[in-house]
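There are 4 protein chains.
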Amino acid sequence: MNDLSPKVQNQLSMLQQIQQQLQTILSQKAQYEMAVREAKRAQEEISDAAEDAIMYMSVGTVMMQKKKDVINSKLAEKIETLELRIKSLEKQEKMMQGKFEQLQAQIKAALEGKGTPTAA
Amino acid sequence: MNDLSPKVQNQLSMLQQIQQQLQTILSQKAQYEMAVREAKRAQEEISDAAEDAIMYMSVGTVMMQKKKDVINSKLAEKIETLELRIKSLEKQEKMMQGKFEQLQAQIKAALEGKGTPTAA
Amino acid sequence: MNDLSPKVQNQLSMLQQIQQQLQTILSQKAQYEMAVREAKRAQEEISDAAEDAIMYMSVGTVMMQKKKDVINSKLAEKIETLELRIKSLEKQEKMMQGKFEQLQAQIKAALEGKGTPTAA
Amino acid sequence: MNDLSPKVQNQLSMLQQIQQQLQTILSQKAQYEMAVREAKRAQEEISDAAEDAIMYMSVGTVMMQKKKDVINSKLAEKIETLELRIKSLEKQEKMMQGKFEQLQAQIKAALEGKGTPTAA
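Protein chains in written order, with my numbering: chain A, 1 to 120; chain B, 1 to 120; chain C, 1 to 120; chain D, 1 to 120.
Hint data in this document are derived by calculation from the structure and do not stem from the laboratory. Keep in mind that a hint or two might mislead.
Any copy, or any two copies together, can satisfy a pair, since identical chains are not distinguished.
[What the hints assert, rightly or not] Once the Cα atoms are required to be at most 27 Å apart in a straight line, the calculated DSSO-like pairs of lysine-lysine come out as:
#: 1; residue 1: Lys108; residue 2: Lys66
#: 2; residue 1: Lys66; residue 2: Lys40
#: 3; residue 1: Lys78; residue 2: Lys29
#: 4; residue 1: Lys68; residue 2: Lys78
#: 5; residue 1: Lys74; residue 2: Lys87
#: 6; residue 1: Lys78; residue 2: Lys40
#: 7; residue 1: Lys68; residue 2: Lys99
Produce the complete structure using the sequences and hints provided.
Listed below in structure tokens is the structure:
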């Protein structure tokens, strides 16, 4: 570590930070994508049921009895909201990915330009 | 690593420990904040329902049928408890953050004061 | 780090990537295995119940009242799907494990062949 | 890394493995402890309810209507099982902690006995 210039050390720690932010974004995206899949499976499941079938929808720890069409429209709304959030996360992901690659290239150039410290 | 003084090595491992504790606090806080948001969404959801609407509340794996006003007051109580815990975590977070920055400054000073080992 | 050849540095970062992919596979497998255990426990639980017992099945946030035999066949289907996915993950795991060991041996050989840099 | 003897390098990687195993044990224990707390809260919640109150118990994705006393005994059984698992994890934790400290002391002794490599 001590052999690296303060600038490169700084860039390395920025690289690590970006990597962590990317991981946070990716895991958030994976959670939203799973929620979308689940909501779509629920829509499918409901589509087979009679209009007056007894069903509940949960919000956190509370389950409320609701009619099929109400649940259907709530699911559609949920999917729409989640898909907007996923798109926004994908924008952030691309931006971070770009920053990451740029920084990685800068670090690589700095290390190669410097040569090995014992050779100096 | 061997080039660092035992004192600095010690400070570096303390820094890592604080970072892990900070991460634990932050993820706990995020969980409580999500639970608050969920409880508030449930309150909203319930507010539209008739007084005699059929609803359940879950505690772990058990769901019990309860009246709207009972669920409402239980949710309010839950939100209050969670918000107190979040405030307490935020205090811990600030304290840890302070320790982290202090230690980081000490390490930086020690490394800069020492110069590069090959230059000695 | 600077003392390692670019090739070995590259192999080390590949090793880290494989390790992360292995962890993702293992945690995914653990989740599927837990879902299988849960579905089997549900099947057991149901087997004691009367044919006309009131029961619900949840898909995401939606719970629908269903007959015992419908739930039973849905659980059987779910277990089958999950077990196929687990088998596929185990194949990936074995392949990754093989790559990991191969790369580890290559790195070890490179480091031993090189000797310590200060001895040169 | 190259400055460390193969033996110490080996001990360091064992130390890392033990640390990971300890983390797995601790997170498993935390999950079981949370499940115990939840089951106890459910028992409390149920204790206030009428004998004929409508309640459900979930196993995975299936919810079955059950009588209060049946749920109560199932919760008691669950708590007992979980507490046995927690005790077993605590035994493993202690054993791992012992191994960890022993290995840490060995590594420290090896590094101190060796002196700094540049001073040789």
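Structure-based check of all given hints:
no., hint, verdict
1, Lys108 / Lys66, "neither (59 Å within a copy, 60 Å between copies)"
2, Lys66 / Lys40, "both (18 Å within a copy, 19 Å between copies)"
3, Lys78 / Lys29, "both (15 Å within a copy, 25 Å between copies)"
4, Lys68 / Lys78, "both (15 Å within a copy, 24 Å between copies)"
5, Lys74 / Lys87, "within (20 Å within a copy, 33 Å between copies)"
6, Lys78 / Lys40, "both (10 Å within a copy, 16 Å between copies)"
7, Lys68 / Lys99, "neither (47 Å within a copy, 51 Å between copies)"
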